[in-house]
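Each residue of the sequence shown is one higher than the one before, counting from 1 in the UniProt record's numbering.
Derived by calculation from the structure, the hints in this document are not laboratory data. Positions of the beta carbon are idealized from the N, C-alpha and C atoms, including for glycine. Treat the hints with care, since some could be wrong.
To be verified - So the derived label-pair ranges between C-beta atoms look like this: (1) LYS85 - GLU43: 53 to 61 Å; (2) SER107 - ASN77: 42 to 50 Å; (3) ALA102 - ILE55: 32 to 40 Å; (4) ARG15 - LYS56: 30 to 38 Å; (5) LYS56 - LYS116: 24 to 32 Å; (6) LYS94 - ILE55: 55 to 63 Å; (7) SER22 - ILE57: 24 to 32 Å; (8) PRO58 - ILE120: 20 to 28 Å; (9) ASN91 - SER44: 52 to 60 Å.
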Amino acid sequence: MAGSRLEKLGTIFTRVNGLIKSGAMKIDDRPIWYDVYRAFPPESEPYFAKPAKAIKIPDILYPEDTFRAEFQKRVRNQLPPIDLKDVTEQNATKAAIEIYSADKSVSVDQVIDKLKKNRILQEYNTSTKTFDSNKSANKSNLASEFLNQTKKEPMPSTS
């Protein structure tokens, strides 16, 4: 029966009934509910293969989503990386959404100008990458410290 999809085509009653008719199940081994179901069948049989109801799922699009998309498109090369560890940091996108939420009549260009005046949005060129050898050395030191620490600690036994 591995891989068979026949169980999806009928109800449990029709399957048990088929087992009894084919001789695979004795009438004495039938489930307790079998006689009750046979005496009082439901008005409409619960088939697995019934088509699902067609429900229109609404699009979830907020007004600030279109503003955020336009803002991101215009200032793509001016946004610095976001430090996800610092939850208190106010990034430029959050500030722009707050300005837009306060006054819906403001345009994207006006928000960009406000952010530049407040020095939240600064000129940051994402196309040029610099390499800081000190940061790289610090990361490799941290990695070697971690490896040394794990070598010293004994592995927990599973038994």
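Here is how each hint holds up against the structure:
no. : hint                       : verdict
1   : LYS85 - GLU43: 53 to 61 Å  : holds, 60 Å
2   : SER107 - ASN77: 42 to 50 Å : violated, 20 Å
3   : ALA102 - ILE55: 32 to 40 Å : holds, 36 Å
4   : ARG15 - LYS56: 30 to 38 Å  : holds, 35 Å
5   : LYS56 - LYS116: 24 to 32 Å : violated, 43 Å
6   : LYS94 - ILE55: 55 to 63 Å  : violated, 35 Å
7   : SER22 - ILE57: 24 to 32 Å  : violated, 43 Å
8   : PRO58 - ILE120: 20 to 28 Å : violated, 34 Å
9   : ASN91 - SER44: 52 to 60 Å  : holds, 56 Å
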